[in-house]
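Colleague: Sequential numbering from 66 applies to the sequence shown in the numbering used here.
Hints in this document: simulated from the structure, not taken from any laboratory. Please note: incorrect hints may appear among the correct ones.
Unchecked claim - Derived DEER-like restraints, expressed as beta-carbon distance ranges:
hint, residue 1, residue 2, range
1, Asn126, Thr77, 30 to 40 Å
2, Arg83, Ser140, 36 to 46 Å
3, His115, Gln203, 20 to 30 Å
4, Pro89, His137, 18 to 28 Å
5, Pro89, Ser140, 17 to 27 Å
6, Trp190, Pro103, 27 to 37 Å
7, His106, Glu154, 26 to 36 Å
8, Phe162, Asp93, 23 to 33 Å
A virtual CB, placed ideally from N, CA and C, is assigned to each residue, including glycine.
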Amino acid sequence: MEHVPFGDTPFTRCVFYRKVCDLPATIDPPEIGRIVMPADHVWAVMMPAHLGQRVRNHLRNCGSETGPIISHLRSNRWSFLVRPDLPDETPLFAELFRMNVSVVRTGGTIALPSPTDRGSRFRRWIQPPHCAFRPSGQVIVESIRACAGAHAGWGGRRS
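Required output: the full structure, derived from the provided sequences and hints.
Modeller: Given below as structure tokens:
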């Protein structure tokens, strides 16, 4: 989705996100063409890009699908779109916080790549969605733990 084909507009992209990917996308605000969705049946696990790359590679090496991954270019962070199955537990969020990882949960807003996001200014897909599949949030957290544990400088637990 990096290359913007003729006819790719915020409206057509939203239709694709809704119908093919089961992402409840809307354009907000219309004059800018930013595409967002409420975090409800989809959450996002956000982390530094260098950790995201390790998590993606770890998942692939384990034979797991990564699901959709968004790069936020200005902040150098990646978001893994996940099923909303992480428990609401303070120790979990404290552990993730120490690794510079956050979770966009129900009530939050997730920004999606838009054809108006030209070049490297805003968001782009690392792994674009092609269906409604999203990995378990718990699988992503376990992969984060495995990757961060191997690099003590990231504050992760050692296994």
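Colleague: Now tell me if each hint is right for this structure.
Modeller: Hint-by-hint comparison with the structure:
1. Checking the proposed 30 to 40 Å range against Asn126 and Thr77 shows it holds: the Cβ atoms sit about 35 Å from each other.
2. Between Arg83 and Ser140 the beta carbons are some 26 Å apart, a value that contradicts the proposed interval 36 to 46 Å.
3. The given range of 20 to 30 Å is respected by His115 and Gln203, whose C-beta atoms sit roughly 22 Å from each other.
4. The hinted window of 18 to 28 Å between Pro89 and His137 holds, with their beta carbons roughly 20 Å apart.
5. Pro89 and Ser140 have their C-beta atoms about 24 Å apart, which keeps the hinted 17 to 27 Å range intact.
6. For the hinted restraint 27 to 37 Å between Trp190 and Pro103, the CB-CB distance of approximately 20 Å leaves it violated.
7. Distance hint for His106 and Glu154: a CB-CB separation of about 20 Å, inconsistent with the stated range 26 to 36 Å.
8. At roughly 28 Å, the beta-carbon separation of Phe162 and Asp93 lies within the given 23 to 33 Å, and the hint holds.
Going down the numbered hints, you'll see the structure goes against 2, 6, 7, while the others check out.
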